[in-house]
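Here the protein sequences come in this chain order: A and B. If you're matching positions, the first sequence starts at 1 in the numbering used here and goes up one per residue. If you're matching positions, the second sequence starts at 1 in the numbering used here and goes up one per residue.
Hints were generated in silico from the structure; no laboratory data involved. Worth double-checking, as some hints may not be accurate.
Straight-line distance between alpha carbons at most 25 Å, and here's what the computed SDA-like set of lysine to any residue pairs gives [what the hints assert, rightly or not]: (1) B:LYS43 with A:MET65; (2) A:LYS24 with B:LYS133; (3) B:LYS133 with A:LYS90.
The following label-pair restraints were derived from C-beta to C-beta distances [unchecked claim]: (4) B:ARG78 with A:SER176: 28 to 38 Å; (5) A:GLY136 with B:LYS62: 40 to 50 Å; (6) A:PRO138 with B:GLN69: 23 to 33 Å; (7) A:GLY214 with B:ARG55: 21 to 31 Å; (8) B:PRO44 with A:ASP218: 21 to 31 Å; (9) B:LYS51 with A:GLN137: 43 to 53 Å; (10) B:ARG78 with A:TRP86: 34 to 44 Å; (11) A:ASP180 with B:ASP96: 47 to 57 Å; (12) A:TYR29 with B:ARG78: 42 to 52 Å; (13) B:SER111 with A:LEU258: 50 to 60 Å.
As the structure is a prediction and not an experimental result, all values here were calculated from the model. Here a beta-carbon is modelled for each residue, glycine too, at the ideal position from N, C-alpha and C.
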Amino acid sequence: MARITAGIGCSHIPALGVAVDLGKTEEAYWSPAFAGFEWTRTWEREQKPDVVILVYNDHASAFDMRIIPTFAIGCGESYQPADEGWGPRKVPTVVGHPDLAWHIAQSLILDEFDMTIINEMDVDHGLTVPLSMMFGQPDEWPVRVIPLAVNVITYPPPSGNRCWALGEAIARAVASFPEDLNVQVWGTGGMSHQLQGPRAGLINREWDNRFLAGLSGDSDALRHIPHLEYLRETGSEGIEMVMWLIMRGALGQAARELHRHYHVPASNTAVGHIVLEPAG
Amino acid sequence: MSEPRNIHAYLAEFDDIPGTRVYTAKRARQGYQLNQFAMSLMKPENRERWKADNRAYLEDWKLTDEQKQALLDRDYNRLLDLGGNIYFLAKVFSTDGLSFLQAVSTMTGMSVEDYQAMMITGGRSPQGVRSIKDRN
């Protein structure tokens, strides 16, 4: 049977990808942001996951204003890095896992989550930056990836509660897949940041760290944080953190923290990263 | 439940956040053509045409005169007011060769240097900019 063995939370700041692509990660500005991922790179080499269900949001790349799916799952064979306006990132093609993805999509729909199914799309920094952070610059990504795109741009995005419940349903779906697969779920985006208007540059270190701490243990209090609190406390783009709750929901009732990293700033944003495992 | 079920109650709170335009359906409708224009810059050939002549390129799009002027001025706060979304507008400033940090700083009234210095020292505190009515 397929098993969810771990969850990762990780910012997907585009500038981190640029720093990797241009070989700047050793520079004084960037090295503290990257240092907190070294532990995870070593750990991932030992874990050897087969598949990552990668929860992210598209930033006006594959989806424009014509179509706005709330939850969309990639069931395709592979995905190319998107041209976001400065040419595609020179990173490997992302290889999907259509068998598991279609199994999850079907199971979720029967479980009353009305998913959008995607067979072809390009994937932007929201998906490729976390892969770079966890795996560096390999010739091929060492995992298959199931993209799970969430609308966090046009309001209302899904509630934190719904995201958590979707994670729980993903766990049920994975557990009913007959092949023996080591599956991780990653929730990406955040942490506090605001990229627009006179309030741009907002960072809330205290709130972010409370959120990180709240991901482990057996409390599900985080699922009840309203959108308004994310907006007020973490900036207009901090809402991306609802995607971390899909990851957390997929880990079951309790989770144990294995590693945590927090650094301000990368570009306009607080870098947050956590590694969790299910704890019964 | 983590959100109010009443959409009016849900939306009513958003204008109380200082210096922030939440991208609601109302803004999405107002900015539809503006954001789709920005999307067109995902293609290298369109970027070349746009860079060669901004005004001529805008002729192809059903934008208001205000939206066109704000684009020519690269006035991002104004573009947000006219229905632009930052991830779509990012195609415009990326085509200009600006980073997110450089472009975002232009909306704050700070110089790029001062804005970057603020970020390096921990960013803008939420203290005093959470709510207009509560002044906290």
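Non-conforming hints, listed in increasing numerical order = 2, 3, 4, 6, 7, 8, 9, 10, 12 and 13
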